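Enquirer: Take the given structure of chain A and dock chain B to it, following the hints.
So the protein sequences, as listed, match chains A and B.
Here the working numbering runs 28 ahead of the position in the first sequence, where the first position is 1.
Here the working numbering runs 28 ahead of the position in the second sequence, where the first position is 1.
The set of hints was computed from the structure by calculation and includes no laboratory data.
Watch out, some of these pointers could steer you wrong.
Only part of the chain B face toward chain A is listed, based on derived beta-carbon distances under 7 Å [what the hints assert, rightly or not]:
id, residue
1, Q83
2, P104
3, A108
4, I109
5, C167
6, L168
7, G186
8, A188
9, L189
10, R190
11, H194
12, M203
13, Q205
Computed list of chain B residues with no C-beta within reach of chain A, every gap over 12 Å [unchecked claim]:
id, residue
14, G43
15, R69
16, A88
17, H126
18, D159
19, G187
All figures in this text were calculated on a predicted structure; none of them were measured in a lab.
Idealized CB from N, CA, C, for every residue including glycine.
What follows is the residue order along each chain.
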Amino acid sequence: MKTDALIGVLAQDTKVPERIAARLIAAAASCLALTGTVGLLILGIRPDLGQAMTAPITAMKWLIPLAVGSTGLLGALRLTRPERRGMGVVGIVAAIGVGGTLWLAAALLATPEGQVAAAIMGNSAFRCLLALSLIGLPPLLAMLALLRNGASTAPGRSGALAGLGAGGLAAAIYALHCDEDAPQFFLIWYSLGIALLSVCGAAMGRRVLRW
Amino acid sequence: MARHEDQLAELMRAGLSGDARAYEALLKQLAAVLRGIVRARARGMDHGWCEDVVQDTLLALHVKRGTWDSTQPFRPWVYAITRHKVVDAFRRQGRAVHLPVEDFADALAAEDGPDPFEVADAERLIDRLPDRDAALLRCLALEGQGHEVCGARLGLTGGALRVALHRALQRLAHMRQERL
Chain A
29 MKTDALIGVL
39 AQDTKVPERI
49 AARLIAAAAS
59 CLALTGTVGL
69 LILGIRPDLG
79 QAMTAPITAM
89 KWLIPLAVGS
99 TGLLGALRLT
109 RPERRGMGVV
119 GIVAAIGVGG
129 TLWLAAALLA
139 TPEGQVAAAI
149 MGNSAFRCLL
159 ALSLIGLPPL
169 LAMLALLRNG
179 ASTAPGRSGA
189 LAGLGAGGLA
199 AAIYALHCDE
209 DAPQFFLIWY
219 SLGIALLSVC
229 GAAMGRRVLR
239 W
Chain B
29 MARHEDQLAE
39 LMRAGLSGDA
49 RAYEALLKQL
59 AAVLRGIVRA
69 RARGMDHGWC
79 EDVVQDTLLA
89 LHVKRGTWDS
99 TQPFRPWVYA
109 ITRHKVVDAF
119 RRQGRAVHLP
129 VEDFADALAA
139 EDGPDPFEVA
149 DAERLIDRLP
159 DRDAALLRCL
169 ALEGQGHEVC
179 GARLGLTGGA
189 LRVALHRALQ
199 RLAHMRQERL
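Same shape as in the complex, but just chain A (with noise of 0.2 Å):
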């Protein structure tokens, strides 16, 4: 095929292309509204959920996941412009990360000893892990699956801050139920659990989001 007549096929596809964003954003919502929904009616909602996020340390378990989440949500969709790189939103990320980590530096130093272990065990970190996975995983599966639309030169990143998006805002829902309130805690659960999202969501990225 002579370029010339590629090009006037090219021509003749005057199909306008979809936009990503408005897509990815509504395909990300329902399907967290979907998981989130059976995830909470199997866990149920802790009863003192108002107390919880207006009490200054708890509403850190909302505050500190959504702004990952939408951080990493606006990474994939800024990514999907091949001249990006993204290299503000990972800078963002890791701020956050350097924040969380002296946190709980603070906080296991604070600790009397012989408590630490409990306090970062506390009753429920499998739970924990495991729930936030599987709120986080079909949302991630949806957001990977628009963005191979995009045009990403970067896939493992996209993939992985899909992953953060799909992580975070799964952690922030999965907070509704869990009432466990050390940062001992949660900070290493909820950053392990997101953590695990975007690993999962780099390496599919980087297989599925080539072009």
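Expert: What follows is chain B alone, placed relative to chain A:
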């Protein structure tokens, strides 16, 4: 005569709003630029291979055109897509390629390169598409027939033909990416 950012962006805007003629003019300009860029770096590779890379890049520019934000400059977008495809094509040959943004800007401002060559590879790939996609692309591209003739031959109305063409090109782009 320098090609101005505005002119290329205008052609793309017109193309995205359905002006096939403007879009074709844009792709022809870009094809010439791409050809120059690829050939200048392709020591030892034949012109057929170069033209394959040009076609891959054009196809990518086409199927990814929705990722250009028309409020943003056009050239950085073209450059990013081109760089991605050209670097990838050379990497498949086990070669690294240097594609600085300045060279690209110079090439965009230069005159057209020589005429395109026939490429066999693209036709082999068309054969591997689903039957109807292959027949449609053959009819439109290789035989150069219009929508009416091809639509009548394949039993597709205008709207259905547009959708079928859109999908066939997406599949072709995907297949070209996966071929090695």
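Enquirer: With reference to the structure, classify each hint as holding or not holding.
Expert: Status of each hint after checking the structure:
1. Q83: 5 Å, holds
2. P104: With Cβ-Cβ at 4 Å, under 7 Å, it holds.
3. A108: 4 Å, holds
4. I109: 5 Å, holds
5. C167: Where the cut-off is 7 Å and the nearest Cβ of chain A is about 10 Å from C167/B, the hint is violated.
6. L168: 5 Å, holds
7. G186: Status violated, d = 11 Å.
8. A188: 11 Å, violated
9. L189: 9 Å, violated
10. R190: Check passed: Cβ of R190/B comes within 5 Å of chain A, closer than 7 Å.
11. H194: 4 Å, holds
12. M203: At 12 Å from the nearest chain A Cβ, M203/B fails the 7 Å test, so the hint is violated.
13. Q205: Because about 6 Å separates Q205/B from the closest Cβ in chain A, which is inside the 7 Å limit, the hint holds.
14. G43: 8 Å, violated
15. R69: Holds, since 18 Å exceeds 12 Å.
16. A88: The claim breaks: A88/B does not keep its Cβ more than 12 Å from every Cβ of chain A (closest is about 7 Å).
17. H126: 16 Å, holds
18. D159: 17 Å, holds
19. G187: Contrary to the label, G187/B does not stay out of reach of chain A, its closest Cβ about 10 Å off (not over 12 Å).
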